[in-house]
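Undergrad: Single-letter residue listing:
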Amino acid sequence: MALLFRNTPTHYGWIAILLHWLIAVLFIGQFALGLAMVRISSQRTAFELIQWHKSFGFLLLGLVLVRIGWRLGNVRPTLPETVAPLERRAAPLVHALLYVVQLIVPLSGWALVSVSVLEVPSVPFDLFVMPNLPLGASDAAEAFWSVAHEWLAWVGIALAALHILAALRHRFLLRDSVFQRMIAPPSGDEPRE
Amino acid sequence: MSVRMLALLAALSLPVSTASADVSLGDAAGRYSIGTGGSSIRFSIAKLGGGGLSGAFGRFSGTIRIDGADVGRSSVEITIFPDSVGTGQGRIDAFLRSDAVFDSANAPQIVFRSTSVKRTGDTTAVIAGRLTARGKSSPEVFTARLDSLKRGTVAFHVTGKVLRSRYGMDVGTPIYSNVVDFDMTLIGRRG
Ligand code: HEM
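Chains as they are written, first to last, in UniProt numbering: chain A, 1 to 193; chain B, 1 to 191.
If you are wondering where the hints come from, they were derived from the structure by calculation, not from laboratory data.
Fair warning: this is a prediction, and the values are worked out from it, not measured in the lab.
For every residue, glycine included, the Cβ atom is placed at its ideal position computed from N, Cα and C.
No false leads were mixed into what you were given.
Stretches of chain B that chain A covers, calculated by requiring three or more beta carbons in the stretch to come under 8 Å of a beta carbon on chain A: (1) 48-60; (2) 84-92; (3) 168-174.
Between beta-carbon pairs, the in silico distance windows are: (4) G90/B with D126/A: 24 to 30 Å; (5) P92/A with R42/B: 55 to 61 Å; (6) Q109/B with S138/A: 32 to 38 Å.
Make the full structure from the sequences, and use the hints.
TA: Okay, here's the thing in structure tokens:
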């Protein structure tokens with residue numbers, strides 16, 4: 001039985017599924033970490049959490065780029081016939097917006113550290129020095145990207161919440177195949193539709 | 001007035017250059033108090049990718065005792081008030097004062113007391129001692145050079161490297177080096 005790596009016209013392959021869940025966990029985790037690290041009172045812990053947030057942010061950005069590449073090189077599974085017309089149009093729109101925020105939330109974070117007058121280097125997982133984006137550092141630029149990054153993160157998490165509610169609706173109310181196809185592709189011996 | 005006398009007066013009134021032939025530790029015997037006027041205690045910490053973080057302490061005080069007969073029996077004591085740290089960036093200063101680094105609210109003083117002074121040249125010495133910060137003491141070594149000596153005032157240039165992890169201040173390593181480079185100009189006035 002061969003593992004299904006690539007998408008098919010009806011199902012997500014393992015790579016798309018793996019990237020979806022890795023990125024989902026990182027995205028939601030980064031949101032929670034981002035909120036916590038700026039509210040914590042210990043400056044030392046705050047500093048360390050911010051470095052973790054930067055490390056996971058770069059990891060997330062890398063995975064998102066891989067995901068977008070994979071998405072462009074794969075067929076997009078069509079929704080089952082049972083899905084209502086409104087959702088047939090809304091789902092791709094929300095997915096597209098989710099791709100946009102997945103990309104620009106980490107990018108705006110990178111911009112933020114790049115323009116910060118504190119000039120704290122970014123060293124993902126203490127492995128290598130990540131260069132800054134070529135943007136001029138200033139207090140004003142730092143204030144701008146700080147607001148932009150936080151605001152975009154909230155937009156992203158709101159979209160994700162909508163998306164999760166829709167997914168759960170498929171799983172528990174509609175009981176169709178939509179939720180299941182992001183869990184696993186059908187295996188050879190138990191065909192699923 | 002003899003020529004010798006004139007030469008001596010000239011030597012006393014002119015600022016003495018750093019050329020070691022002009023000044024000697026042995027001639028500087030006495031007790032000096034270190035004040036902030038003219039003195040500076042600067043530090044810098046390298047960071048990954050180049051550049052670094054540098055700053056200075058604005059408030060400190062201390063005493064230098066130079067034994068004329070035996071420079072080896074000289075001693076130094078310095079107290080730094082970490083609350084006075086300045087890097088030119090307010091947020092970094094607040095971070096350094098916080099419990100992440102100096103915890104200056106609970107540990108308002110950083111103290112160095114020499115335990116031995118070894119003369120290494122006419123104007124140079126190696127000073128070993130104990131540095132105490134945030135309740136932790138550790139032996140440290142600094143090198144001192146007597147830069148000038150005139151009218152009861154001594155000027156020393158002191159350098160040394162301190163590992164901040166020994167004082168519970170290792171936050172930010174390895175992005176910011178564990179090694180703190182000190183570069184001080186200490187002006188002591190007799191009395
Ligand atoms: C734990 C919560 C989540 C659940 C239960 C969930 C569930 C799903 C499901 C069932 C699909 C498949 C939809 C279809 O068949 O067309 C899907 C697709 C997708 N999800 Fe999620 N998801 C979650 C979190 C996230 C998060 C946080 C993000 C964004 C960072 C995200 C981004 C996406 C995107 C972009 C797609 C479309 C994939 C494509 O067609 O290329 N998901 N999700």
